[in-house]
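K.L.:
Sequence:
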Amino acid sequence: MTAENPQTIYLKDYQAPAYLVDHVALEFDLHPTATRVRSTLKFRPNPDSSNSEFFLHGENLTFLSAYINGAAVTPIMSDAGLTCNVPDGPFIWQSEVEINPSANTELSGLYMSNGMFCTQCEAEGFRRITYYPDRPDVMAPFDVTVRSELPYALSNGEPMSSDGTTRRWQDPWPKPAYLFALVAGEFQVVSDHFTTASGKPVDLNIYVRDGDQDKCDFALEALKASMAWDERVYGREYDLSVFNIVAVDDFNMGAMENKGLNIFNSSAVLASPETTVDGNFERIEAIIAHEYFHNWTGNRITCRDWFQLSLKEGLTVFRDQQFSADMRGAEVRRIEDVTALRARQFREDSGPLAHPVRPESFVEINNFYTATVYEKGAELIRMLKLLVGDAAYKEALELYFARHDGQACTIEDWLAVFTDVTGQDLRQFKLWYSQAGTPIVRVRDHFADGTYELTLTQVTPPTPGQPNKQPLVIPIALGLLYPDGTEALATELLVLSDAEQSFCFSGLRAAPIPSLLRGFSAPVILQRKTSPAEHLVQLTHDPDLFNRFEASRELGKSALLAMLQTEAAPDDAYCTALLQVMVNEDLDPAFRAMCCTLPSQDEIAKTLTEQGQTPDPVAIDAAFHRLSEHVARQGQDALRALYHAHQLAGPFSPDAASCGARALSALALRLISYVDGGTLAAKQFATATTMSLQLPALGNLNRHAQGSEAISQFYQQWRNERLVIDKWFSLQVSTCPASQAVSVARNLLQHPDFTLKNPNRFRALVGALAMTPAAFHQADGSAYALVVDQLIALDDINPQLCARMTTVFETWRRYDGARQELMRAALCRLAAKPNLSRDTKEMVTRLLDA
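This note's numbering puts the sequence shown at residues 241 to 1090.
Check the hints yourself; a few may be wrong.
To be verified - In silico DSS-like links for lysine-lysine, alpha-carbon gap of 30 angstroms or less:
id, residue 1, residue 2
1, K625, K464
2, K709, K670
3, K797, K252
4, K923, K997
5, K440, K464
6, K252, K709
7, K670, K625
8, K252, K769
9, K797, K769
10, K464, K634
11, K252, K440
12, K709, K625
13, K709, K769
14, K670, K634
Unchecked claim - Label-pair distances were calculated between CB atoms; the ranges are:
id, residue 1, residue 2, range
15, Q820, K769, 43 to 53 angstroms
16, V429, R276, 39 to 49 angstroms
17, D724, S983, 50 to 60 angstroms
18, E732, Q710, 39 to 49 angstroms
19, A1090, T731, 36 to 46 angstroms
20, S737, T849, 26 to 36 angstroms
21, D895, E727, 30 to 40 angstroms
22, D724, P441, 56 to 66 angstroms
23, S737, E426, 15 to 25 angstroms
24, D479, T849, 43 to 53 angstroms
25, Q710, A1025, 27 to 37 angstroms
For the record, the hints were derived by calculation from the structure and aren't laboratory data. All values reported here derive from a predicted model rather than from experimental measurement. Where is the CB? At the ideal position from N, CA and C, for every residue including glycine.
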């Protein structure tokens, strides 16, 4: 198999492994360019397999020797691994290989990062460490010995012994190879303790580079909160005596849940008031929780094959969303989750990269770590819980843990526990896992003689490979409001399971306004003819904060579309309503900040496309700035009062209330900057003592062409803080005038602090350009060319990151013919790169073939 002729893997072709592993013993002699790995594996034939071929995966390994039951053997080697004749019964396999961690720029397998040895084995990195059946349904306990002169050498499980340069670790819980981890290097260690509900002590350690010791306290508190929450809410207690986290700069993902040794991207663990903004604190808290929760939903119970990836990821995302809702407010967090879902997953569902939550096939599994598998997968769990009820959900989860502990499972196993607990037939619900695309629910309603009739129809548009879709089970949380804002019907759950269904409500004194999909009860697109008057009632009175947010979003879309389509003036009624919400002290400041932020530019482009029009990203950007300035001028006195009222005194805290106050203050500052040209932002920048105040001020200065001196000052202040410099790269491109962004990015590519080898730095600069619509879609195509130039260079270094970054082109058919041609030409240039990686080739092919 080569990148030129990649093999497609199909779910329907799954076969149980021919051999099972009862025990793994690994010995590492670490060396930057010549690490030796010796493995001793206890195999036995799998009685449930019809296959008898002995095959071990292996890539980029220098084979040295192999033995079966102590006798030397000569396997048949290939680029993908090895085969060998083996005994009919149980046997012991031993092999020795040599690998070169320093040459591993792909950051998969064992590699070097700033003098540190590090591993990343999900999904298929373990085969770059030693020969092994590298698939998630082969689970075994691991015993690991590491020899190294470095001060620390860590692996999974419990520390067993240490005699200077030799350290041994033992993980008693069977696990697949993708959960293996090894880290060795010079670290500073920040430690804490946790006592489980049953009284068992657990040592908590975070290993960081020297200089980062003061940035670990928040992560440790988040970890302890996660452990306590999982005991309280899910009854899951930690099962080892130590939990280690290592912060690594060069890491493709946010973090990895390896058993007992979680490896984190530094950006997902390090935090301090001086260097970290509020959004990063929230992200760190959520990622810490996510990786810890994987201990049960991912580690103790894993996925049978990679098609079942959402079994562990969708469930764990849902669990971390529940945790964050408890930590930071359920309604506010729900709005944040849905906003992210729509921005990433809805776009994925509507384009050439659409795929089911459980895909039917893949070429490169790394390309399916997507919003569909993660975030849409979490929405499926949320809907299931809503449909069966809290008590049945809890009982089903208890059964799931009891029945499948230590197993590699499927979506069918997951749904079976709910059927067994509730007796419900979930075959139709299961379609959510196999059908791609976002369902559209169309709404018709009629009121007469005190009776309100609501008719719902559902249709899921065609997606690649799936032209015809079946009706789904869609829970619709509904409330009814009278025109005066009082509630005619408290929240009631409707279940839409047919292509069309009607629901009637009688005894009403007036025609109601439907408050549909409260709490975003299903990941669907609602379509209903509404009036601005209805949205204003919802924005002011709806008891469901999510639908208040929705009303604001719809009013904002209407105002912007009118400006773009008819050259209308900014809508004064909308601006007045926004300002009224902003200053309403009865509402949570965090909610007000979200509710009063304009819809995203990508949303407007998508809406125009749905209406059969071609969006102009530059015109959309201009309309956004014009509307923002109108709001600012209409409410400048109120905005100044709001800004000053939410300046916090006392020590910095990243708690939800403080973050909300700062978010509302930052929104006020952004709008004020349209009126004063950045004067107040300059004052805040000069006096800021925390990054949550300094960075928004700098962004406003840069947006209004006042930032050059401040940009230089910021760099000099923070040039030794690599995560802050990531923000510095990103902010310059994302906040400057769109017409200047390519020039700014081109200059920054030459900056000595920029490198293609660090994923965070690449995303900070190239990703910021690609994710800023007006900058990326400049009519001359210069941004397309710049991004593809960098992807061509990146593919040789880190194909996994390169492939993921190609998704910035997924909406290329949305735009005018000239832009389409420029984007297609850029993609074709990437596709024509000699020796294009399998990862990137799959993504580019899917984009171009759509």
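K.L.:
So which of those numbered hints doesn't the model satisfy?
P.N.:
Numbers 3, 4, 8, 11, 15, 16, 18, 23 and 25 - these are the hints that the structure violates, sorted from lowest upward.
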